[in-house]
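Protein sequences, first through last, are from chains A and B. Residue 300 is where the first sequence starts when you use my numbering, and the numbers rise one by one after that. Residue 300 is where the second sequence starts when you use my numbering, and the numbers rise one by one after that.
Incorrect hints may appear among the rest.
Identical copies carry no separate label here, and so any pair may be met within one copy or between two of them.
[What the hints assert, rightly or not] Below 16 Å or equal to it, Euclidean Cα-Cα: the simulated EDC-like pairs (lysine to aspartate or glutamate) are:
no.	residue 1	residue 2
1	K304	E568
2	K376	E320
3	K323	E692
4	K323	D602
5	K376	D397
No lab work stands behind these hints: they were computed from the structure. Note that the structure is a prediction, hence the values are computed from the model and not measured.
Number of protein chains: 2
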Amino acid sequence: MINDKMYALGSKRSSIREIFEYAKARAQEIGVENVFDFSIGNPSVPAPDQVNESIEKIVRETPSVALHGYTSAQGDKSVRDTIAANYSRRFGAAISGDDLYMTCGAAASLTITLHALHENGDEIIVFAPYFAEYKVFIEGAGAKLVVLPSDEKTMLPDFAALEKAVNVRTKGVLINSPNNPSGVVYDEKTMETLCGILAAKSKEFGKRIFLISDEPYRELVYDTKTVVVSPMRYFDDCIVCYSYSKSLSLPGERIGYIAVNPRMENAKEVYAAVCGAGRSLGFVCAPALFQRVAAACDGLTADLSVYKRNRDLLYNALTEYGFTCIYPDGAFYLFVKAAEKDAKAFCAKAKKYELLFVAGDDFGYPGWVRIAYCVRTEQIERALPLFQKLAQEYGL
Amino acid sequence: MINDKMYALGSKRSSIREIFEYAKARAQEIGVENVFDFSIGNPSVPAPDQVNESIEKIVRETPSVALHGYTSAQGDKSVRDTIAANYSRRFGAAISGDDLYMTCGAAASLTITLHALHENGDEIIVFAPYFAEYKVFIEGAGAKLVVLPSDEKTMLPDFAALEKAVNVRTKGVLINSPNNPSGVVYDEKTMETLCGILAAKSKEFGKRIFLISDEPYRELVYDTKTVVVSPMRYFDDCIVCYSYSKSLSLPGERIGYIAVNPRMENAKEVYAAVCGAGRSLGFVCAPALFQRVAAACDGLTADLSVYKRNRDLLYNALTEYGFTCIYPDGAFYLFVKAAEKDAKAFCAKAKKYELLFVAGDDFGYPGWVRIAYCVRTEQIERALPLFQKLAQEYGL
């Protein structure tokens with residue numbers, strides 16, 4: 300009567316969303332200040348002032364019909380030109396507005412890209428730990444998800460596994476740096492090794508293998524000395540998926556883009572397939588007002604010092620309490636080894652202290668948990684004694 | 300290398316979008332006042348003042364993190380409750396916020412609904428003329444589009460054809476009243492006949508057949524004495540797809556909803572499948588600010604008197620010039636019989652006069668054209684002499 304897969308996806312929410320909803324309900328019961336919700340990547344830092352200022356300015360200055368009307372399906376031309384010019388300047392890869400396709404955020408960027416590329420029998424490779432919804436998006440596009448391991452010390456890709464796994468059905472490798480959930484940032488050497496393997500394998504199998512770079516956390520980097528450069532510099536067959544959700548703290552507004560590397564072969568055809576996929580999935584155009592806001596605020600960020608402070612606070616304390624943590628260079632997640640084998644059991648025990656976070660199982664990495672520290676610093680400060688009790692309960 | 304279907308959809312834009320883009324380019328060449336673009340349903344009437352007022356009020360009064368953060372996937376609870384209460388009062392079908400799923404506009408409402416319902420081998424019935432993108436959305440969800448005729452005089456469904464066409468593979472009938480492109484509004488008798496057939500056929504084949512009611516033009520009704528009621532009153536297995544694009548003149552902002560009739564069997568399961576499909580397609584949540592704007596402005600409309608004036612002006616003049624037109628009760632389209640057999644040739648001839656409209660072929664109705672009159676009245680006044688010349692060229 301209905302689609303079983305869609306029912307399963309809708310009735311079993313993602314664990315993240317499940318805990319997020321639980322936290323909201325629990326806050327009603329015992330007060331929001333007593334629930335320590337580290338489940339969801341919902342930025343706690345306000346959008347930069349320029350976001351609301353530009354909303355008000357655009358609303359005041361633009362005639363209603365021009366402001367709220369359809370834009371071209373790929374996005375308003377001047378918006379795309381502005382963002383492309385910034386991109387070229389900021390990340391050292393020359394692109395034009397005609398290489399950009401504005402989307403309703405990162406999820407849309409990914410589903411559109413995956414549908415655009417998909418052919419029967421395709422495989423898409425990701426490295427665990429990986430953002431849980433990748434599985435939903437990849438399988439939703441009809442492709443097979445292939446999960447490869449990372450090194451447990453560095454959380455960087457296991458390249459030997461990659462060399463073995465790539466085959467004639469490999470359509471692409473989907474990477475995410477800074478990484479959700481590990482917080483790890485790929486350095487230049489990692490990118491070069493990865494792209495070197497893809498280039499060699501592409502030649503070996505006589506077919507193109509795309510690098511799909513999911514970059515919602517691109518601006519959220521705290522220590523790395525390396526200047527963030529475009530992955531397009533490392534690899535021609537690269538498609539960048541971006542969202543302003545995290546950099547501008549507006550995940551609810553659904554605004555982002557896809558950038559198709561103009562240096563790839565048949566770039567115009569790939570771009571056309573992106574347009575076609577957006578159309579087929581029902582996106583029509585990205586939200587018009589926020590297209591303009593994105594152009595006005597492109598390159599700005601929310602106050603990242605809060606996340607850096609949170610990271611330092613949480614990483615240092617949890618390490619001190621005896622937890623094993625991956626030191627996160629970017630994003631706003633701390634990846635922590637569960638204090639017992641079953642990460643879900645560990646999460647359940649934490650829940651007794653009103654500490655809510657997500658088991659690594661859904662990120663393809665059992666035995667670990669993800670703690671989203673994009674919360675108010677005060678919330679972390681008040682949670683630390685509870686983390687300490689949790690550590691003590693485990694005798695760490 | 301890429302998906303052929305997506306490439307085809309992206310490289311061959313919809314005729315509507317094609318002409319819309321041509322019109323924009325042509326306006327650059329000869330001035331916007333000399334191009335008479337009747338191609339796209341982009342409202343010409345400003346959004347009601349309350350839209351921008353509520354944007355400014357919401358932005359001023361809501362803390363950034365709450366305002367721009369993720370809402371629940373199905374939409375903010377208070378937004379859904381408000382809209383559901385209005386719906387129940389306005390359209391005589393009691394629904395709650397938990398029956399509503401907020402979407403990124405009408406196209407998203409449809410693709411999500413179609414994916415939620417889809418099982419292998421499904422057929423979805425539409426009546427020609429039908430909105431051209433239905434084909435894209437239905438086939439994108441994996442179903443087969445079945446096109447049935449309408450009566451050429453009334454443009455109402457051919458019910459004898461429906462009785463013959465429904466079979467064990469029929470998953471649903473997708474209707475659109477007020478209709479794009481014909482402007483026809485289904486009266487009570489039409490709805491009762493349609494739903495009677497669906498109920499009987501559902502019984503005959505021992506399976507449910509859904510009525511999917513696509514209602515972006517619900518508020519755009521000019522003459523009909525009938526109070527607009529919910530199709531849920533006629534049929535339990537009914538899903539309403541709505542968008543604020545036309546009623547509030549904000550098609551670029553992408554905001555609408557799906558309402559699952561709570562009186563249908565397994566309504567909660569169907570709703571869950573809707574949630575799952577939204578997730579799979581990458582929608583995450585509808586744009587947060589505009590969810591709140593929709594709740595604040597639900598039930599308001601742009602100044603519809605402009606469309607009524609446009610309709611009267613255009614219908615009366617074109618009829619007088621000798622064109623055969625369907626009298627449109629609603630929406631903002633005039634459906635006109637082409638003055639030669641090939642509607643595309645007719646459009647090409649009109650283009651010489653800078654009159655731009657869309658051939659009925661893409662609406663499954665060759666030999667007719669759609670003229671979108673959601674333009675400034677002055678534009679119609681200035682176009683009328685050109686329409687008259689066109690009529691004269693054909694010796695009407």
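A quick look at each hint next to the structure:
Taking CA atoms no more than 16 Å apart as the test, K304 paired with E568 passes between copies only; the shortest distance there is 12 Å, against 31 Å inside one copy. In this homomeric assembly, K376 and E320 come within 16 Å of each other (Cα to Cα) only across copies, at 12 Å, whereas the closest approach inside a single copy is 38 Å. Proximity of K323 to E692 under the C-alpha cut-off of 16 Å is found in neither arrangement, the shortest distances being 26 Å within a copy and 67 Å between copies. For the homomeric pair K323 and D602, neither the shortest alpha-carbon distance inside one copy (25 Å) nor that between copies (40 Å) is at most 16 Å.
Taking the closest pair of Cα atoms, K376 and D397 come within 16 Å of each other only inside a single copy of the chain (8 Å); across copies the shortest separation is 38 Å, beyond that limit.
Hints 3, 4, counting from the list given before, are not met by this structure.
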